[in-house]
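Enquirer: Chain by chain, the residues run as shown.
Number of protein chains: 2
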Amino acid sequence: MKDGLLTERQRVILRHRRQGLTQQQIGDIIGTSKANVCTIEKSAFENVRRAHETIQFMYTLDARFLCVIPSGADLLTVPDTIFHEASVRGVKVRYDTIGLINRLRDSVPEHVKARLVRDEIQVYLNDDGEIYFE
Amino acid sequence: MKDGLLTERQRVILRHRRQGLTQQQIGDIIGTSKANVCTIEKSAFENVRRAHETIQFMYTLDARFLCVIPSGADLLTVPDTIFHEASVRGVKVRYDTIGLINRLRDSVPEHVKARLVRDEIQVYLNDDGEIYFE
DNA sequence: ACGTGGTTAAGTGGAATTGTTTAAATTCAT
DNA sequence: ATGAATTTAAACAATTCCACTTAACCACGT
Numbered sequence: 001m002k003d004g005l006l007t008e009r010q011r012v013i014l015r016h017r018r019q020g021l022t023q024q025q026i027g028d029i030i031g032t033s034k035a036n037v038c039t040i041e042k043s044a045f046e047n048v049r050r051a052h053e054t055i056q057f058m059y060t061l062d063a064r065f066l067c068v069i070p071s072g073a074d075l076l077t078v079p080d081t082i083f084h085e086a087s088v089r090g091v092k093v094r095y096d097t098i099g100l101i102n103r104l105r106d107s108v109p110e111h112v113k114a115r116l117v118r119d120e121i122q123v124y125l126n127d128d129g130e131i132y133f134e
Numbered sequence: 001m002k003d004g005l006l007t008e009r010q011r012v013i014l015r016h017r018r019q020g021l022t023q024q025q026i027g028d029i030i031g032t033s034k035a036n037v038c039t040i041e042k043s044a045f046e047n048v049r050r051a052h053e054t055i056q057f058m059y060t061l062d063a064r065f066l067c068v069i070p071s072g073a074d075l076l077t078v079p080d081t082i083f084h085e086a087s088v089r090g091v092k093v094r095y096d097t098i099g100l101i102n103r104l105r106d107s108v109p110e111h112v113k114a115r116l117v118r119d120e121i122q123v124y125l126n127d128d129g130e131i132y133f134e
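So the protein lines, in turn, are chains A and B. Just so we're aligned: 110 in our numbering is position 110 of the first sequence, and the numbers increase by one with no gaps anywhere. Just so we're aligned: 111 in our numbering is position 111 of the second sequence, and the numbers increase by one with no gaps anywhere.
Some hints could be false.
For chains that are exact copies, the list does not tell them apart, and a pair is met inside one copy or across any two.
Capping the alpha-carbon separation at 30 Å, the derived lysine-lysine pairs in BS3-like fashion look like this [unchecked claim]:
#, residue 1, residue 2
1, K92, K113
2, K2, K113
3, K113, K42
FYI, nobody ran anything at the bench for these hints, they're computed from the structure.
Assemble the whole structure, with the sequences as input and the hints as a guide.
Expert: What follows is the structure, given as structure tokens:
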């Protein structure tokens, strides 16, 4: 029954940082190097990012699988695919073409390179038209 | 650059679970025992709980320390303590007495037993009157 | 050019997590 | 109360994560 993702060390550093202290100052206080403070702070942010991603995933549980975008697809063809699959299921997607592309880029940027889909992407659709990528 | 907290195994089990499958059925599908499915599902939920707690903590970063509720305090005395400390700082709490108690129970249920505060609770206050417990 | 603040990379010891099995215990509907 | 579903405990190997050091690198303002 541990508490959050962040370690005591990570929390302390985030707190001090929010107070405006420099990494060097924090290092002096907690007795370590500025490089170490930097590393710990970085992994703290990484943990927060993963926490968000995890919560995001839980939303996709309420969504149903819609389709898969194959690796190598042209990014600009993705919205039409999604609109079509959604209309088949009788659901109106709550994004337009541009909105969908932006949503995709925000959600799984590591799977997109310019106009190219570099890795296969799973698409999920909510009853209220929300879209999730994975 | 890993993605969320949940492992592939944990995500698959949560998905199948949401589809209504039993642990035995899932065990057959992914090739392991029902006991193992249970364990993995449990640790998945544990991870989700920690994700929530983590982003909850991030909110407290924007908040300032308000006061500490000592272990053994009567739950019903907590709101008045908080209202008083908040008014000293010139901030209007955005909850009434009942709302605060509910907020507290939702936020740190493991620190509350009936009317008794069993473990010390840190209280944080936002500029807009939001309250966070830890 | 120097100092300050921040970031990065490689490596290390120790702690924690994951998936697993086996076996026992518990809940729960019929 | 019988059986199915779920939960728990203990133990284990493999993996991952944490904090840390050292040493270097980048960007800046003076």
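Enquirer: Failing hints, ascending?
Expert: none
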